[in-house]
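Engineer: Using the sequences and the accompanying hints, generate a full structural model.
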Amino acid sequence: MRRRSWKQHSVLPGFGLSLGYTLLYLGLIVLLPLSALILKSIDLGWNGFWEIIGSERVLRSYQLTLSTSFFAALINAVFGFIIAWFLVRVRFIGKRIIDALIDLPFALPTAVSGIALTTIYSRNGWIGAPLESLGIHVAFTPIGITIAMILVGLPFVVRTVQPAIEELEVELEEASLSLGAGRWKTFTKVMLPMLLPSLLTGFALAFARAIGEYGSVVFIAGNMPMKTEISSLLIITKLEQYDYAGATAIAIGMLIISFILLFSINLLQSWSSRRLKGI
Amino acid sequence: MKAKKRSQALKTPTVFNILIGVAALGFITLFLLLPLAIVFTEAFRQGIRVWWQSISDPDALSAIKLTLLVAVITVPLNLLFGLAAAWALGKFQFKGRSFLITLIDLPFSISPVIAGLIFVLLCGANGWFAPWLDDHNIQIIFAVPGIVLATLFITFPFVARELIPLMTEQGTDAEQAALSLGANGWQTFRRITLPNIKWGLLYGVILCNARAMGEFGAVSVVSGHIRGETNTLPLHAEILYNEYNFSAAFAVASLLTFLALVTIIVRAIVEGKNKTREKV
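These protein sequence lines map, in sequence, to chains A and B. If you read the first sequence in the working numbering, its first letter stands for residue 1, the second for the next number, and so on. If you read the second sequence in the working numbering, its first letter stands for residue 1, the second for the next number, and so on.
If you are wondering where the hints come from, they were derived from the structure by calculation, not from laboratory data. Given the structure is predicted, the values throughout are model-derived calculations rather than measurements. Certain hints may be false.
As the list claims (entries may be wrong) - Below, simulated EDC-like cross-link-like pairs (lysine to aspartate or glutamate); rule was C-alpha separation at most 20 Å, straight line:
#1 B:K275 x A:D99
#2 B:K273 x A:D99
#3 B:K275 x A:E167
#4 A:K7 x B:E169
Structural biologist: Now the structure itself:
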């Protein structure tokens, strides 16, 4: 009887063993190491934490990381949407190849995309050289950082928006068109509101990913303190100086930001599923 | 017939489709195709012999060996975990199930650098386990075990994430039938469950492997960058790049890029298999 209260009865064997192993492994590999971070930050205390977080160099790194991540996620939201639309609604040759290619940033090591982008956008690179002659510097500036973050975040937007476009009910679109709304009006008033939750989720995922990104950014960033130094890099710099307290405080700050983002993703998803049920 | 009519009514103007196509393909070229192209152009710029020399250099070879070693340890461990987690969470309903899924996803949302940091805090000098590790003369940080631990953490969710939704969707009917016909638990798993999940499993393992071999941020924190000892392939590429040895750096990068391409091709095939099964 007691077992039934928390677990539905099943004739399948192996529940205890598989759940036990899952919890043990999760505890050893993820939860125990993470608790070290939390305990270390308790060690620091409230004042110690704020003293580190409040220093100008750390604040600048947060500001830079958040602003470049935000713009990268914004650009990804726009172009990720266009790409998802293109993949679902337009027929063309080579669709499967393009569709497969979207996953490349998931599989490509970040160091590889980092050195590739830096070579492309450096002063004499394929794109860097023409831009240089226009007076635009990309490598070793926040623009370069943003470009690297766009690359790593792109699949998150495409892969969340794509299924939503696939599931759009054609009847609604048809009804709107046949009732005299123009294509633009149909898009903005009928389709976009239905796609908005998934688009926002994709945006938030890309945003969160960009905040934590290190490998692809570190090569193109130039890493000048106060100017092009992202928070992940600052953690490594602190570690190299054996300033474990400093590294921990910066990491906790970053974790809080990304958990707020994840929490808002969850809220978004429950909000959108409730809204859709309402319809 | 009806479906055809519908698509006629909804047919968007060609001009609009072309604009969408130009924007989409332009963006993909800029951010995905150009980086791919530059990796292979730079890798083979000085000919295949220089490429081969860069790959067969002793430091490169030891980086390849270490990378393979890390993958050989981490992938099977995370595979075993993924199977256990997917069995417990995919085939049973219990309280706290969704919370457990959130916990399993946790490493996915933690910056790689922070993942490296937690193992330094745990096992590094002044870390929790430092006194015990010192007593037993075991080095973890700036050594191979640290690299393995950080990689385990980073690639922890990949197999499980792939399998949990798949096994949840497939339900338990087939397994129940097998059990009622007299199969034991292990037979049921091997003959019924495993064939159903094999494609998802394959992709999960391959993605986990690609991530294990390509992990940079977390490994960079714990490795100490000792040439020929604690350098994995991505770290070796970084060192070569920072020494302005671009051909060699991209030669190493081309190996990792090839692995990434294989990974996305397998994914496309697996997707295709799943779709045809849905149709049946």
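Engineer: Of the numbered hints stated earlier in the document, which are not met by this structure?
Structural biologist: Of the numbered hints, all hold.
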